[in-house]
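Colleague: Chain by chain, the residues run as shown.
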Amino acid sequence: MRRRRLAPAFAEALVDVGIVAEVRGGAGAGVPVLPSSDEGAEAAFFLAAYFYAQAWLVEKGGPVAGSSPCVFVLSRSIRQEIDRLSAEPIDYFKALPAHDVRGNVYIATEDFNVVAKAAHPICGSPAAIGTALRTMELASSLHAVFQPDRGELILCRLGLGGPTSLVTIEFGPVDRMQPIDLERMVWRFHQEFTQTPSGTLMPWLLAGKNVPIQKLELRISSMLCYFLNSKLSGMYVSTEHYTPHGRLDIKVAANVMVPEVGHCALELKVLRSCLPSGASSTSYTTVTLQAMVDHATDGVLQAVNYRADIGAGMAYLYCFDARIDDADQAEVIALAAAQDVQVRRLFMYNSPKAHRKAMLIAQKAGTLLSGQVD
Amino acid sequence: MWLLLLLDAAERAGVTPLSVGRLHRLVYLANAMAPVYDILTPDGYILKYKRGPFFPAVQWDIDRLGAQGLARVANLQRAEDELGWWFDADYTLTKRGMGAVDAAKGLTEIAAKGSFLREVVKAFAAMELPEDERDAALLGDVAYAKADDQAPIDFRTASENLTSLAATAIAGKGYEGHQVSRRAEVHLYFRYLERLWARQSGARNSA
Numbered sequence: 388m389r390r391r392r393l394a395p396a397f398a399e400a401l402v403d404v405g406i407v408a409e410v411r412g413g414a415g416a417g418v419p420v421l422p423s424s425d426e427g428a429e430a431a432f433f434l435a436a437y438f439y440a441q442a443w444l445v446e447k448g449g450p451v452a453g454s455s456p457c458v459f460v461l462s463r464s465i466r467q468e469i470d471r472l473s474a475e476p477i478d479y480f481k482a483l484p485a486h487d488v489r490g491n492v493y494i495a496t497e498d499f500n501v502v503a504k505a506a507h508p509i510c511g512s513p514a515a516i517g518t519a520l521r522t523m524e525l526a527s528s529l530h531a532v533f534q535p536d537r538g539e540l541i542l543c544r545l546g547l548g549g550p551t552s553l554v555t556i557e558f559g560p561v562d563r564m565q566p567i568d569l570e571r572m573v574w575r576f577h578q579e580f581t582q583t584p585s586g587t588l589m590p591w592l593l594a595g596k597n598v599p600i601q602k603l604e605l606r607i608s609s610m611l612c613y614f615l616n617s618k619l620s621g622m623y624v625s626t627e628h629y630t631p632h633g634r635l636d637i638k639v640a641a642n643v644m645v646p647e648v649g650h651c652a653l654e655l656k657v658l659r660s661c662l663p664s665g666a667s668s669t670s671y672t673t674v675t676l677q678a679m680v681d682h683a684t685d686g687v688l689q690a691v692n693y694r695a696d697i698g699a700g701m702a703y704l705y706c707f708d709a710r711i712d713d714a715d716q717a718e719v720i721a722l723a724a725a726q727d728v729q730v731r732r733l734f735m736y737n738s739p740k741a742h743r744k745a746m747l748i749a750q751k752a753g754t755l756l757s758g759q760v761d
Numbered sequence: 029m030w031l032l033l034l035l036d037a038a039e040r041a042g043v044t045p046l047s048v049g050r051l052h053r054l055v056y057l058a059n060a061m062a063p064v065y066d067i068l069t070p071d072g073y074i075l076k077y078k079r080g081p082f083f084p085a086v087q088w089d090i091d092r093l094g095a096q097g098l099a100r101v102a103n104l105q106r107a108e109d110e111l112g113w114w115f116d117a118d119y120t121l122t123k124r125g126m127g128a129v130d131a132a133k134g135l136t137e138i139a140a141k142g143s144f145l146r147e148v149v150k151a152f153a154a155m156e157l158p159e160d161e162r163d164a165a166l167l168g169d170v171a172y173a174k175a176d177d178q179a180p181i182d183f184r185t186a187s188e189n190l191t192s193l194a195a196t197a198i199a200g201k202g203y204e205g206h207q208v209s210r211r212a213e214v215h216l217y218f219r220y221l222e223r224l225w226a227r228q229s230g231a232r233n234s235a
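Top to bottom, those sequences are chains A and B.
Using the numbering used here, the first residue of the first sequence is number 388, and each one after it goes up by one.
Using the numbering used here, the first residue of the second sequence is number 29, and each one after it goes up by one.
The set of hints was computed from the structure by calculation and includes no laboratory data.
The C-beta atom is built at its ideal place from N, Cα and C for all residues, glycine as well.
Careful, some of the hints might be misleading.
Taking lysine-lysine and the DSBU-like style, the derived pairs with C-alpha atoms no more than 35 Å apart in a straight line are [unchecked claim]:
no., chain 1, residue 1, chain 2, residue 2
1, A, Lys504, B, Lys123
2, A, Lys740, A, Lys602
3, A, Lys504, B, Lys133
4, B, Lys174, B, Lys78
5, A, Lys740, A, Lys596
6, B, Lys123, A, Lys481
7, B, Lys133, A, Lys596
8, A, Lys602, A, Lys481
9, A, Lys447, A, Lys481
10, B, Lys123, A, Lys602
11, A, Lys504, A, Lys447
12, A, Lys602, A, Lys504
13, A, Lys596, A, Lys751
14, A, Lys504, A, Lys481
15, A, Lys744, A, Lys602
16, A, Lys751, A, Lys740
17, B, Lys174, B, Lys76
18, B, Lys133, A, Lys602
19, A, Lys481, B, Lys133
20, B, Lys133, B, Lys76
21, B, Lys133, B, Lys123
Rough simulated footprint, nothing fancy, chain B against chain A, three-plus residues with beta-carbon under 8 Å [as the list claims (entries may be wrong)]:
no., segment
22, 400-409
23, 420-433
24, 463-475
25, 489-503
Produce the complete structure using the sequences and hints provided.
Modeller: Written out as structure tokens, the structure reads:
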């Protein structure tokens, strides 16, 4: 018997059009801006912590002197940890910025939809929080320490002993950005996260041999999404935006850009000289210069497609450059210029010393580092 | 692995322990929505059952995971109600199970499936309904709701999969007039089920 083929129209006929209109009418509210990958979950958690801390400070009228810090820990299995830590689930936590968080240890899901306060004495300092996390066997968990007296967050991706990043919580309405404002933000992200081996992303597997970590592009896009949204105080930037031509890395919504720009499409590429081979933690293979030209060329063409797909006014190709030599790719720049794509190459130094040396050379020459915005 | 990844997703989203009913309903919707993420549907044939979706093979697998120490089974009990004899249990992922998931995620294909399943469970966790109504709301799935009792629901191929087709239709051209992301398709479909349940509940209460 011939099987009946179901057309999409049949499925469409089965749904309630009134409810569909309601769902679509939400303007996408509630659709997470970050994917549910490991990388996305990390960035989503930092974003949730940032927005909570920001709302808390707004509620209090700014930093509160003498306040003890608190910590939010990303839980892998929150219901089990609630039992293990005798933690107290807090209903509507996200909606209650007046909650007195000072000195407490919280475990939370990546979006703060489930938050629980661990049963532990008040922590009076970041050091006391570290001790508490060790006691509770949470030392290796990703966490964010909120310092209400300073209006700051300390982000710890790999738990205690890992790299940390100090973030100042910012307030106030966001002015619509010119493209140069967006470029400044991305540059600032690069300075904090990827420019040197100790950047928050810890981008190198073997810095001395110029081998970046695996999945670096995904990590960069997730954390850049977190970073931009935190600076913009809202969910205006999304990542892994699917279009008919593939996956756009970063989309900046038109409502934070000046009207004549509209949406911005940011395609991200990592340029490498070496690639971890996966055979062992120290093995790697080399990549030719031409392969990276091809890689970046593809990035330009992707940016062109995505710009059209999302109706963006501008398209950028951001190359996070982990190659050995800090050198422009003339072919890529020429193609990008012809296609009206903005190319920015952000060089990743394999040591702080190499970064300092490059800065000194640039200062003497009266120039800027690659991709730097003054 | 599908089941372990789903349990992991449920742990992360804070919707554990999974009852038998919730487990099978989440498996059903995850299987049905897999084409949205270009993932092959692992088990795409089911008979509409009076208690909601139930996959005998999945039940076998979850019990086996329990025996292997990868999942924890608690509160196993038998009960009889107006529909006859039945059983229930609560499932969580053990530390060993989490370790197995972490080890497997090194494989690109597994990581992709894991991300998809986390998205499905996250969308479920985000439904703004009382805890006991969320599971019931899942039965509003277009394919399940339209099928007759005991009738087969076949979604082995994407072209016959009403759920994924409906998810695409609901997302439409998108809230911004452009192509919507597959992440949005998943979340908007669950939002649709949430609103559908709320409307039907309102109708039931006013009747």
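Colleague: Each hint needs a verdict: does it hold in this structure or not?
Modeller: Consistency of the hints with the structure:
1. Our distance criterion of 35 Å between C-alpha atoms is met by Lys504/A and Lys123/B, whose separation comes to about 22 Å.
2. Distance check on the hinted pair: Lys740/A and Lys602/A sit about 26 Å apart at the alpha-carbon level, within 35 Å; holds.
3. For the hint pairing Lys504/A with Lys133/B, the CA-to-CA distance comes to about 30 Å; that is within 35 Å, so the pair holds.
4. Between Lys174/B and Lys78/B, the direct Cα distance comes to roughly 13 Å. Compliance with the 35 Å bound is thereby established for this hinted pair.
5. Straight-line distance between C-alpha atoms of Lys740/A and Lys596/A comes to about 15 Å, which keeps the hinted pair within the 35 Å bound.
6. With a C-alpha separation of about 28 Å, the suggested pairing of Lys123/B with Lys481/A holds against the 35 Å cut-off.
7. Annotation: proposed proximity of Lys133/B to Lys596/A holds, straight-line Cα distance about 26 Å (limit 35 Å).
8. Between Lys602/A and Lys481/A, the direct Cα distance comes to roughly 31 Å. Compliance with the 35 Å bound is thereby established for this hinted pair.
9. For the given pair, Lys447/A sits about 16 Å from Lys481/A by alpha-carbon distance, which is consistent with the 35 Å threshold.
10. The suggested pairing of Lys123/B with Lys602/A holds, with an alpha-carbon distance near 25 Å, which does not exceed 35 Å.
11. Straight-line distance between C-alpha atoms of Lys504/A and Lys447/A comes to about 21 Å, which keeps the hinted pair within the 35 Å bound.
12. This hinted pair checks out: Lys602/A and Lys504/A have alpha carbons roughly 33 Å apart, not beyond 35 Å.
13. Taking the CA atoms of Lys596/A and Lys751/A, the gap is near 28 Å; set against the 35 Å cutoff, the hint holds.
14. A threshold of 35 Å between alpha carbons decides the hint, and for Lys504/A with Lys481/A the separation of about 13 Å falls inside it, so the pair holds.
15. Pair hint Lys744/A plus Lys602/A holds up; C-alpha atoms about 28 Å apart against a cutoff of 35 Å.
16. Distance check on the hinted pair: Lys751/A and Lys740/A sit about 17 Å apart at the alpha-carbon level, within 35 Å; holds.
17. Restraint check for Lys174/B and Lys76/B: the C-alpha separation of about 10 Å stays at or below 35 Å, so the hint holds.
18. The straight-line distance between the Cα atoms of Lys133/B and Lys602/A is roughly 13 Å, inside the 35 Å bound, and the hint therefore holds.
19. Of the pairs offered as hints, the one joining Lys481/A and Lys133/B holds, with about 30 Å between alpha carbons and a cut-off of 35 Å not exceeded.
20. With a C-alpha separation of about 33 Å, the suggested pair Lys133/B and Lys76/B falls inside the 35 Å cut-off, and the hint holds.
21. The suggested pairing of Lys133/B with Lys123/B holds, with an alpha-carbon distance near 15 Å, which does not exceed 35 Å.
22. Check on the segment 400-409 of chain A: 6 of its residues sit with their Cβ under 8 Å from a Cβ of chain B, so the three-residue criterion for coverage holds.
23. Taking a C-beta to C-beta cut-off of 8 Å, the segment 420-433 of chain A contributes 6 residues in contact with chain B, enough for the three needed, and the coverage statement holds.
24. Figure legend: the segment 463-475 of chain A, annotated as covered by chain B; annotation consistent (5 residues with Cβ-Cβ distances under 8 Å, at least 3 required).
25. Only residues whose C-beta sits within less than 8 Å of a C-beta in chain B count toward coverage, and the segment 489-503 of chain A has 5 of them, enough to reach three; the restraint holds.
Checked against the numbered hints listed earlier, the structure breaks none of them; every hint is satisfied.
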